[in-house]
Amino acid sequence: MTIAFESLAERLQQTMQKIKGKGKVSEADVKEMAREVRLALLEADVNFKVVKQFVNRVKERAVGQEVMKSLTPGQQVIKVVNEELTALMGSEESKIETASKPPTVIMMVGLQGAGKTTTTAKLANYLRKKKNKTPMLVAADIYRPAAIDQLNTLGKQLDMPVYSEGTDVSPVDIVKRGVEKAKEEHHDTVILDTAGRLHVDENLMDELKEMKASVNPDEILLVVDAMTGQDAVNVSEQFNELLEISGVVLTKLDGDTRGGAALSIRAVTEKPIKFAGMGEKIDQLEPFHPERMASRILGMGDVLSLIEKA
Amino acid sequence: QKTRDSFSEKMNTLAAKYRTVDEEFFEELEELLISADVGVNTVMELVDELRETAKLENVKNSADILPVISEKLTEKLDFTGEDSELSMNQEGMTVILFVGVNGVGKTTTIGKLAHHFKEQDKKVVLAAGDTFRAGAIEQLGVWGERVGVDVIKQAEGSDPAAVMYDAIHAAKSRSADVLLCDTAGRLQNKVNLMKELEKVKRVIQREVPSAPHEVLLVLDATTGQNAMAQAKQFKEATDVSGIVLTKLDGTAKGGIVLAIRNELDIPVKFVGLGEKVDDLQPFDAEQFTYGLFQTLVEEK
Ligand SMILES: Nc1nc2c(ncn2[C@@H]2O[C@H](COP(=O)(O)OP(=O)(O)OP(=O)(O)O)[C@@H](O)[C@H]2O)c(=O)[nH]1
Ligand SMILES: Nc1nc2c(ncn2[C@@H]2O[C@H](COP(=O)(O)OP(=O)(O)OP(=O)(O)O)[C@@H](O)[C@H]2O)c(=O)[nH]1
Ligand SMILES: [Mg+2]
Ligand SMILES: [Mg+2]
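The listed protein sequences derive, respectively, from chains X and H. Numbering of the first sequence is given in the working numbering, commencing with residue 1034 and proceeding in unit increments. Numbering of the second sequence is given in the working numbering, commencing with residue 7 and proceeding in unit increments.
Only chain H is shown next, with the shape it has when bound in the complex (with noise of 0.2 Å):
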């Protein structure tokens, strides 16, 4: 309830900008909301919402319509009280799966997170499940000596399905804690691709039957309306469970999770903000919500 009212709060200083709520008020938030890449439909839907409800009451005021107004954004686009948790494996060894187009930061997300669970006192290891990309193999045996953790790996174009079946066996019997599972990069069209990454998460469910324990599509902040096909196509394959938001470093605001969130009902959990090994964050709602009006309330 807290943070719903600062949110709230800060829509109210949004809409304080504006003595009349007219045609510009409306133009403006929509542009607003289209350069945070937050779906065309999401924001044409919510907008015009917002105009016919001040047409109705007849507003002027941008006093009276405030009220309506922050209800009806923090309705569409609160996150608030979404559970950004982790769910753990309460009997055992916990597996994560990553999953992703090319590029989008899952190795890196991996590197961090196992930095993460290595502050917990877990003990955790790595899946070098990309055995496709240059350097892919190489590129996560620098983050596990980087975390201090180890990575299980095969040779480069070795079968994926393979290396999982023995990273799950090797981090069983070294007892470990979390297991991070890298795949490589593909987009979401490419068929085959996709079938492969099933095949990679039935292996882990066979050999875990309560496993995955979560599957993070890792989505890049700069993408735009694309996103939204990528949720879908990797939600098919894979039953997606979070979505890691990376590279919210940048100037890119990453609107379209809001859209994904609408229609596809998957929370995000984690947002990414740099390179290093600590530039990863629980997601927090409140301020990435009030992060796509920020612009707008700075003007002021």
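If we strip away everything but chain X, and leave its shape as in the complex, we get (with noise of 0.2 Å):
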């Protein structure tokens, strides 16, 4: 099946074509081709406001350049594209802290829907198959329907214990005495699963506040669909804000989107994107490479391709 967008490398050979063999790169070129740059990240999802300034700084870097002896113009104006694409993605690995004193705690939150749950059973078979932790899984969406018997599905999967106790208690409580059963049965990792909610429900986000206070997480990881359009700025920002995140998963990286959101999450909320979710069964979850992403969202392979070609 084709992708239905076109790469940027597509948009930009008829620019780049009619700018070859000059020696320095123009205000008007550099005008043009951002113009290509700006509907290829919108068209891949990136927010609208997160584009403008991108743009902006390549046409900074770009304008008046000195064109390299191996480059065209336009080459020269794809590789700034490509620096300050990757430089915002961050460039390193994340891995998950863990707690001086077991066990870890990591809370998993997000939209209804984005894939917390069965990531919640993929980061603790990664986990244990990677990192040789003892994970234990905490039930503590409440609301959706059957959505313990979701995680105690996967529990049984993976053949972990899933801490639960049913519809009617307080998610704050049952997160407390899951956490306390953890440690009491040694276990050095426990996942907590959350309601889905939405960033403005503010009695839910509350209770996820009260959640992270009585529990002291040491990681809270942002569960964000990768199919997200321009809201994914208002979603991050709002979870960080009032959570302070420290990583986000991206799911759903097994479709044929080109995932800008991940660089709109990015750009607000400055903090790393750590796995990446590319199935539905619990082994697939891989570490996040931030440099790839930068490729898949404006089909930089092509681009990078081209550069080369010089």
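In case anyone wonders, no lab produced these hints; they're calculated from the structure. Fair warning: this is a prediction, and the values are worked out from it, not measured in the lab. Glycine included, each C-beta is placed from N, C-alpha and C at the ideal position. Fair warning: there could be bad hints in the mix.
As the list claims (entries may be wrong) - One-sided and incomplete, this derived list gives chain X residues near chain H with beta-carbon spacing under 7 Å: (1) E1076; (2) F1081; (3) P1178; (4) A1179; (5) D1182; (6) Q1183; (7) T1186; (8) L1187; (9) L1231; (10) G1262; (11) D1264; (12) N1267; (13) D1289.
What the hints assert, rightly or not - The calculated PhoX-like cross-link candidates involving lysine-lysine, where the alpha carbons are at most 25 Å apart (straight line), are: (14) K196(H) to K1314(X); (15) K61(H) to K1242(X); (16) K1128(X) to K1166(X); (17) K1064(X) to K61(H); (18) K201(H) to K1314(X); (19) K1314(X) to K1163(X); (20) K1162(X) to K1214(X); (21) K1314(X) to K205(H); (22) K1214(X) to K1242(X); (23) K178(H) to K205(H); (24) K1307(X) to K1166(X); (25) K1245(X) to K1209(X); (26) K1134(X) to K1162(X); (27) K1307(X) to K1163(X); (28) K1307(X) to K1082(X).
Since each chain sits alone in its own frame, please combine them into the complex, following the hints.
Given below as structure tokens:
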């Protein structure tokens, strides 16, 4: 199945053709290229405010630059775009923080349907397999129908304990006792699955704040659907402001979305994207690679190969 | 005609904010539509057309361009008059198939719609066609209990087409008026899963030749440009007849459905406005389009 987007490389090809052979990148050249960069980023769902800032930075850097011998002016602009994008995405892969005194508490938060429960199970599996941890899961979603059944089923698949108290108990109490239980039973990691909620739902956001205050998590991971559009900035800004998240998990990256939300989230929260969900199965979680994401958003793979062809 | 009038009235309010129709106006309009996730192409086309018109007619005064803008916006964006009614089988049981990517709200919408039909004294049966996701059958079961309708299910991991076959016969023998069929979420680029969905539809068609009477694609309003790819692929696989736009109770506007309507001609039938049983409403074109511009008008 084809991806419905033109890559930036294709978009820029024509413009590049025109300014080939000039010695300097002129303001007009940059303006034309900037337009293409802007459209490509918007089509990839990067938030328009983030795009604006980004394009301005690229413009500033690109205008008046001496053209390197080996590059055409167009290629040089692309080089600047790529450098700026990579810088914005962050460079290193991120790890999960561990508590000095176990258990390490990880709280999963996010909008409805983002993939929190699935990621809870995937992360537990990952930490056990790769980091030799002994996680316990806590079912703190009392709202969504059969949320506890869902986590229990995943726990069974993993052969891992799930702590739950049904749906008539406050989630704040559930996580508190869940963490205590994990301590008693010597689990070094406990992952809290919380209910999906809107970032503008004051009551439910307060509930998360109370949960945070009562168990003091080492990680608060915001789970975000990679297909999210312009609203990603509002969502991540609000969750970050109210909870001070420690990182992000981007799910459903096995789809064909460009995933520009990743860029928006980085720009507004400056928090690392730590993991990528690559499927529905419990082993389909990967450490996040920022540089690959930069390529994906703009079809930079193509772009870079264009530069190489110089 | 009434709604169309009030729509342009609202567009007038928007444009009245600007005394001069300058680049700033067009930029703000463009950003507004982009920020609502209206398709990038749709927005660029529209705004370029408006720019062109303004230039040609040498308009400086917003009062002069207002009617033009209003007309263009109405033509491009207004769904007024579109039919959001579900097509029901007049001769027997109506079968509605729900499709969509993961986590958009298919199962929840089925629960809400079951409630909606029950309130009209219709006998409703649900088919638990998601045999894959952990807890999916239990989730539909809870909705069935909540609304007071039967759920036809098999064990987790069984063939979804077989579940549909069963459900159709069970629903028929209970003389159900409506059968709502849940399916597992799947990303549109998963070829095998899309084939599986085609098979589910074929089985339904074989058992009830006029069915499915609706194939509803559930889209999450938070989704950006990828919703267009979803609509294209699901339409190709299952001939989608309508859209349910969920999670409009958040801050996302779901503007991509405008581009989907322009390109694929699929109407929106319902919107989801929350997680409760009555948080489903028929799509109101005027309200929706106005919602896109609300922030601009309110800023005034
Ligand atoms: N393809 C794909 N599907 C995913 C991924 N992560 C989660 N899902 C699916 O997305 C849907 C929603 O996942 P959940 O884990 O239930 O999401 P949630 O955030 O817990 O949802 P709520 O509790 O209702 O807020 C399910 O169908 C999952 O199988 C992923 O990385 N890829
Ligand atoms: N705020 C809000 N949440 C909704 C709405 N519709 C569904 N949800 C929530 O979104 C989450 C996912 O809904 P589901 O009905 O499980 O979605 P699904 O498409 O069946 O998911 P899969 O079967 O996993 O693909 C749940 O937490 C629902 O409560 C809505 O209109 N507004
Ligand atoms: Mg969940
Ligand atoms: Mg479902």
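Now the hints, each set against the structure:
1. About 5 Å separates the beta-carbon of E1076(X) from the nearest beta-carbon of chain H, less than 7 Å, and the hint is met.
2. Because the smallest distance between the Cβ of F1081(X) and any Cβ of chain H comes to about 5 Å, under 7 Å, the interface hint for this residue holds.
3. At about 4 Å, the closest approach between the beta carbon of P1178(X) and any beta carbon in chain H falls short of 7 Å, and the interface hint on this residue holds.
4. Given hint, A1179(X) at the interface with chain H, holds; its Cβ is 4 Å from that chain's nearest Cβ, closer than 7 Å.
5. Interface restraint check for D1182(X): the shortest CB-CB distance to chain H comes to about 4 Å, inside 7 Å, so the restraint holds.
6. The restraint placing Q1183(X) at the interface with chain H holds, with a minimum CB-CB distance near 3 Å, inside the 7 Å limit.
7. Below 7 Å, beta-carbon pairs count as interface contacts, and T1186(X) has one with chain H at about 4 Å; its hint therefore holds.
8. The beta carbon of L1187(X) is positioned within 7 Å of a beta carbon in chain H (closest approach about 5 Å), and the interface hint is therefore held.
9. For L1231(X), the interface hint holds, the least distance from its beta-carbon to any beta-carbon of chain H being 5 Å, beneath 7 Å.
10. Because the closest C-beta pair between G1262(X) and chain H is about 2 Å apart, less than 7 Å, the hint holds.
11. Because the beta carbon of D1264(X) sits about 4 Å from the nearest beta carbon in chain H, less than 7 Å, this interface hint is met.
12. Because the closest C-beta pair between N1267(X) and chain H is about 5 Å apart, less than 7 Å, the hint holds.
13. About 4 Å separates the beta-carbon of D1289(X) from the nearest beta-carbon of chain H, less than 7 Å, and the hint is met.
14. Distance restraint check for K196(H) and K1314(X): the Cα-Cα separation of roughly 14 Å lies within the 25 Å cut-off, and the hinted pair is therefore satisfied.
15. Straight-line distance between C-alpha atoms of K61(H) and K1242(X) comes to about 53 Å, which puts the hinted pair past the 25 Å bound.
16. For the suggested pair K1128(X) and K1166(X), the alpha carbons sit about 14 Å apart, so the restraint of at most 25 Å is met.
17. Under the criterion of a C-alpha separation no larger than 25 Å, the hint pairing K1064(X) with K61(H) is consistent with the structure, at around 22 Å.
18. Restraint check: the Cα-Cα separation between K201(H) and K1314(X) comes to about 19 Å, which is no more than 25 Å; the hinted pair holds.
19. For a cut-off of 25 Å, the pair hint linking K1314(X) to K1163(X) stands: about 17 Å separates their Cα positions.
20. For a cut-off of 25 Å, the pair hint linking K1162(X) to K1214(X) stands: about 22 Å separates their Cα positions.
21. Between the alpha carbons of K1314(X) and K205(H) the distance comes to roughly 23 Å, so the proposed pair stays at or under 25 Å and holds.
22. Straight-line distance between C-alpha atoms of K1214(X) and K1242(X) comes to about 21 Å, which keeps the hinted pair within the 25 Å bound.
23. Between K178(H) and K205(H) the CA atoms are separated by roughly 20 Å; this keeps the pair inside 25 Å, and the hint holds.
24. Taken as a hint, the K1307(X) and K1166(X) pair is honoured in the structure, with Cα atoms around 18 Å apart against an allowance of 25 Å.
25. Using a Cα cut-off of 25 Å, the hinted pair K1245(X) and K1209(X) holds, with the two alpha carbons roughly 10 Å apart.
26. About 21 Å separates the Cα atoms of K1134(X) and K1162(X), which keeps this hinted pair within 25 Å; it holds.
27. Under the criterion of a C-alpha separation no larger than 25 Å, the hint pairing K1307(X) with K1163(X) is consistent with the structure, at around 15 Å.
28. Between the alpha carbons of K1307(X) and K1082(X) the distance comes to roughly 24 Å, so the proposed pair stays at or under 25 Å and holds.
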